[in-house]
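Assemble the dimeric complex from its two separately framed chains, guided by the hints.
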Amino acid sequence: MKRREFLAGLAGGLALPGAALAQVDPLDPLVWVVTNGAPVKKGKVTLELPQLADNGNSVPIRITVDNPMTEADHVKSIHLYAERNPVRNMANFYLGPHAGKAEINSRVRLAGSQKVTAVAKLSDGSFWYDTASIVVTLSACLDES
Amino acid sequence: MTARIQIPSQAKRGEVVEIRVLIQHPMETGYRHDDVGHLIKRNVINVLSCRYNGVEVFRADLSSGIAANPYVQFYTVADKSGELEFYWIDDEGKQGSERQSIQVGA
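Residue numbers (my numbering), protein chains in the order written: chain A, 49 to 193; chain B, 26 to 131.
Take every hint as true, because none was put in to throw you off.
Only pairs whose alpha carbons sit at most 20 angstroms apart, straight line, appear in this in silico EDC-like list of lysine to aspartate or glutamate: (1) Lys163(A) to Asp102(A); (2) Lys149(A) to Asp121(A); (3) Lys163(A) to Glu96(A); (4) Lys105(B) to Glu43(B); (5) Lys149(A) to Glu43(B); (6) Lys149(A) to Glu40(B); (7) Lys149(A) to Glu81(B); (8) Lys124(A) to Glu151(A); (9) Lys90(A) to Glu131(A); (10) Lys66(B) to Asp116(B); (11) Lys37(B) to Asp104(B); (12) Lys149(A) to Asp104(B); (13) Lys124(A) to Asp86(B); (14) Lys124(A) to Glu43(B); (15) Lys124(A) to Asp114(A); (16) Lys37(B) to Glu108(B); (17) Lys163(A) to Asp76(A); (18) Lys149(A) to Glu119(A); (19) Lys90(A) to Asp172(A); (20) Lys92(A) to Asp121(A); (21) Lys105(B) to Glu119(A); (22) Lys124(A) to Glu81(B); (23) Lys149(A) to Asp172(A); (24) Lys92(A) to Asp114(A).
Keep in mind the hints are simulated off the structure, nothing from the lab.
Bound conformation, chain B alone (with noise of 0.2 angstroms):
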């Protein structure tokens, strides 16, 4: 599962940083059925989370309510430099993580 994160490399103290996450992930609805009629079993990222420095800042359950290759932005505080760590896991038990780290100057 390889995931796109984009978030500013550098920002000031207290400034409201944005965040986006693009993964790559079928998100199998579980409602479709394959060439020979057989139903795909559903296989959907259940839980995203984001953490700053290890502090939970972000969380996300995700269904089959969210389109294939799901997309999220959100926001968080530039408090510290430090790091953000991405974590998620779909039905299937497979888990993807990704870290990004943010410089935070006065």
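Chain A on its own, in the form it takes in the complex (with noise of 0.2 angstroms):
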């Protein structure tokens, strides 16, 4: 029983890493679409939304990316992905070095508690991406509201 306790604790050890690197799984098609199978590192990007959403609706939802807007170093395109949506990609939006700031506003609908991810593509081809989760009380698309 302390073995297979010390060997369960040791695969939950072991999983936990795995699991938040996975996160952003590069071989998700719809992500291997923009990045081609490249690595997504986390960083850079910030995305912001609300913690509990009582209408999934309509949901407020702000993605910063730090990186300066030059010529030769810029944001090019940011994707959302929202988890357990029946459209998972639900955005895409591409900026140039004359946006000044990489940073968007909108509002998504959410078809219920999940994590919704956004994945920035630099100039240079390096991915990044950040992850939120939100709980989300009535859910939208998948109900007649």
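The following block contains the structure:
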């Protein structure tokens, strides 16, 4: 029994960092379309969502990328994914050096409590992401509201 | 399709200006049923684009994951006086556009 517990603990401990890394699965076909299999690192991107939404029909969202917007180094695009929406790729935003500031505000629909991910593509070809979890009391899309 | 677009009418050269776009549109998801049980066809705004003096500075691909009456806020650098042109199209092929002028001072 002790040995079993030890092994379970070991497996749990090993699974945790793995799960954290797998938040953005580079093999996810939706992400693959954007990254072409390149690694997606956590950081630079900040995704802001309320922690709780009473209604998933209109949830404010804010994505900021901490990166200069110059001709040589800028954010090319920002991609938004919802884990449990029927259409998982919610939106793609294309920016350029002319944007001055990599920040987008919008309102999204969310079908239930889930994790939302934003992936940013930089001009140097690197990819960065951030996730935010949200509890949605009344989900959008699937019910007759 | 009416839209409300807010940009500052005046800006300093090189200033980062905020652009707010709000379009009146149901953004029908395609998952809802009408009163007699027929599925309502999907009808969302696919593309929203913003041109500054003819150069595209922002584009968004939207889906049913964006709330009804889509609101998008973004930024651009005011470099010279001119016009910002907004253009969008939905699944039914309906197009909408709007122009706003901006005065850029020294």
